[in-house]
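Student: As a plain string of letters, each chain reads:
2 protein chains.
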Amino acid sequence: MQEMIRVAVDAMGGDYAPAEMVKGAINAVTLRQDIKVYLIGRQDAVKKELEKHSYNGKQIEVIHAEEVIETAEPPVMAIRKKKQSSIVVGLNMVKEKKADAFVSAGSSGAILVGGQVIVGRIKGVERPPLAPLIPTEQGVSLLIDCGANVDARASHLVQFAKMGSIYMENVLGVKKPKVAIVNIGAEEEKGNALVKETFPLLKNCPDINFTGSIEAREIPHGEADVIVCEAFTGNVILKLYEGLSGTLVSVIKRGMLASLRSKIGALLVKPSLKKTLKAFDATEYGGAPLLGLNGLVVKTHGSAKAKEVTNSIIQCVTFSEQEINEKIRKNIGTSPMEE
Amino acid sequence: MQEMIRVAVDAMGGDYAPAEMVKGAINAVTLRQDIKVYLIGRQDAVKKELEKHSYNGKQIEVIHAEEVIETAEPPVMAIRKKKQSSIVVGLNMVKEKKADAFVSAGSSGAILVGGQVIVGRIKGVERPPLAPLIPTEQGVSLLIDCGANVDARASHLVQFAKMGSIYMENVLGVKKPKVAIVNIGAEEEKGNALVKETFPLLKNCPDINFTGSIEAREIPHGEADVIVCEAFTGNVILKLYEGLSGTLVSVIKRGMLASLRSKIGALLVKPSLKKTLKAFDATEYGGAPLLGLNGLVVKTHGSAKAKEVTNSIIQCVTFSEQEINEKIRKNIGTSPMEE
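Sequences listed follow chains E and Z, in order.
The first sequence runs contiguously to residue 342 in this note's numbering.
The second sequence runs contiguously to residue 342 in this note's numbering.
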């Protein structure tokens with residue numbers, strides 16, 4: 004029998020928990036027989052949701068976790084105090100190898116802190132970056148780092164470039180992924196102190212296909228596969244991407260409903276438009292992995308619905324099958340023997 | 004007779020120079036009788052463009068400048084060596100009070116460096132920020148700083164907040180403009196070292212209406228009138244704004260032409276849509292002023308066409324009429340007596 008990929012899912016995290024988390028899990032195990040999902044959260048609430056659906060009972064198991072970490076809670080304190088929270092219980096399952104991955108739409112801060120503290124970094128990895136896929140005209144690019152580790156050093160950015168390349172090559176199947184650093188001009192001498200220090204290091208790094216600077220204007224065109232930046236910048240890019248796309252779509256909708264003539268037109272363009280805009284919807288691409296940990300931790304949007312949860316769970320299979328962590332360990336960390 | 008506002012316009016800078024610069028200048032003087040434009044550039048080329056139009060000859064004068072600073076040239080060197088360039092000649096006119104303002108679509112670097120070196124800073128202003136208006140759902144916000152002065156200090160950001168408030172209140176007529184700092188979370192304790200240091204300073208600044216942090220996601224909603232950030236972040240926001248808007252509009256157009264049905268719909272929605280998207284077009288709002296100099300310097304997009312040039316020239320009138328620099332000098336600098 005094929006080995007199962009075991010994914011722990013935070014049933015309590017996110018705006019639509021537990022209903023959409025449970026639905027996403029059921030869809031995932033229905034699509035793939037090689038996945039087992041552990042739904043972590045308040046047993047009563049989770050079971051009540053499960054009862055609404057039919058599914059293969061062998062592929063889903065509920066793990067009770069009494070507590071929930073709220074988004075507003077200070078992360079370090081929350082991880083330390085709420086040992087019975089769905090996030091801490093899930094991360095501990097990954098640490099103890101009872102699960103191959105943990106997927107959560109809960110508090111970003113708690114997941115990032117907990118990932119490092121509980122699951123732990125791969126030896127040699129200085130900082131585990133959060134690396135979401137963002138939609139572009141040509142497909143997707145990996146934006147690395149969008150996490151909470153701001154004020155990074157040049158050596159961190161070089162590791163982000165390496166880990167991002169491994170991810171894009173092995174999970175997305177991009178051959179020799181193009182790596183670029185976010186900058187405010189195309190020339191090598193441009194940039195802030197961090198970029199100026201990092202640029203030559205990336206240029207001389209033999210493990211990656213570095214193509215130079217990328218200005219924010221070019222990001223949506225999809226010229227780079229791996230977009231390297233410090234977390235503050237990455238967070239600004241990611242959130243502006245989401246905010247601006249949403250705003251423009253709503254502005255466009257409003258414009259279409261401005262007159263009777265355009266209302267009729269809107270009905271006619273709707274199906275084609277929906278299809279095109281779907282390609283620009285970040286939730287289509289699942290969650291963002293926290294790379295460089297001794298196990299896989301995936302953060303989905305707080306507003307994730309079933310589809311994103313399903314995509315995130317399935318993403319874990321490719322990640323495990325391709326042995327991404329083994330590759331990161333070999334490329335960045337010290338040899339596995341030393342651990 | 005009413006006093007004329009004298010605007011020096013770089014006829015040679017930008018992708019569509021000199022044709023669109025000349026056209027923009029002619030439109031401006033046609034719209035307003037209180038503007039005199041000095042078109043700076045190669046006499047033959049500029050005059051050839053002028054001959055294509057009819058205009059009030061008293062409102063336009065050509066100032067010959069033999070050289071042109073190219074976008075790729077290192078700014079400091081270019082400003083130093085090309086004394087006969089349109090940028091240096093224009094900035095010198097502002098310095099010598101022969102012009103009230105200088106408008107250019109040329110090399111950002113050269114304009115920023117030249118503005119400081121030639122025109123000079125208002126005493127007390129530590130760094131002159133570049134402050135473009137960006138479109139939002141509610142109108143426009145001032146994004147300050149998007150210039151070339153990266154790695155700013157907290158004290159710089161406080162000055163940006165003050166100068167931005169003066170600009171929005173007096174040029175745009177926004178009462179008690181809401182000031183926010185770009186951050187990666189809404190809470191005060193979030194952010195990188197710079198934001199953490201700046202936040203309490205803004206909070207305790209009596210001259211501004213500080214409303215706290217703004218996440219990049221919220222920027223397009225227009226919750227803040229003055230958006231304060233360090234130049235690297237500002238540049239990323241500005242360029243992503245432009246790039247993503249452009250990409251989404253082209254993606255949407257492509258989507259609309261996908262089928263015959265949607266093609267017909269596209270024809271019907273086109274007029275309404277055009278009107279709505281126009282509000283989201285950055286070029287509608289003229290150029291970005293470089294605040295805090297002893298004179299007004301305005302940078303327009305490199306891709307500026309006549310309309311943006313016209314808007315930028317007219318913007319200079321409000322700036323002069325409202326005596327923005329006098330207000331900045333009083334609010335930030337030492338008293339005018341000392342200068």
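Calculated from the structure, these hints are not laboratory results.
No experiment lies behind these values; they were computed from the predicted model shown.
Errors might be hidden in some of the hints.
[What the hints assert, rightly or not] Taking lysine-lysine pairs in the PhoX-like style, the calculated list, with each CA pair at most 25 Å apart, reads:
no., chain 1, residue 1, chain 2, residue 2
1, Z, Lys277, E, Lys256
2, E, Lys310, E, Lys333
3, Z, Lys199, E, Lys273
4, Z, Lys256, E, Lys278
5, E, Lys242, Z, Lys98
6, E, Lys199, Z, Lys256
7, E, Lys266, Z, Lys242
Student: Now tell me if each hint is right for this structure.
Tutor: Going through the hints against the structure:
{"no.": "1", "hint": "Lys277/Z with Lys256/E", "verdict": "holds, 12 Å"}
{"no.": "2", "hint": "Lys310/E with Lys333/E", "verdict": "violated, 33 Å"}
{"no.": "3", "hint": "Lys199/Z with Lys273/E", "verdict": "violated, 45 Å"}
{"no.": "4", "hint": "Lys256/Z with Lys278/E", "verdict": "holds, 12 Å"}
{"no.": "5", "hint": "Lys242/E with Lys98/Z", "verdict": "violated, 41 Å"}
{"no.": "6", "hint": "Lys199/E with Lys256/Z", "verdict": "violated, 38 Å"}
{"no.": "7", "hint": "Lys266/E with Lys242/Z", "verdict": "violated, 32 Å"}
In the structure shown, a violation is registered for the earlier hints numbered 2, 3, 5, 6 and 7, in ascending order.
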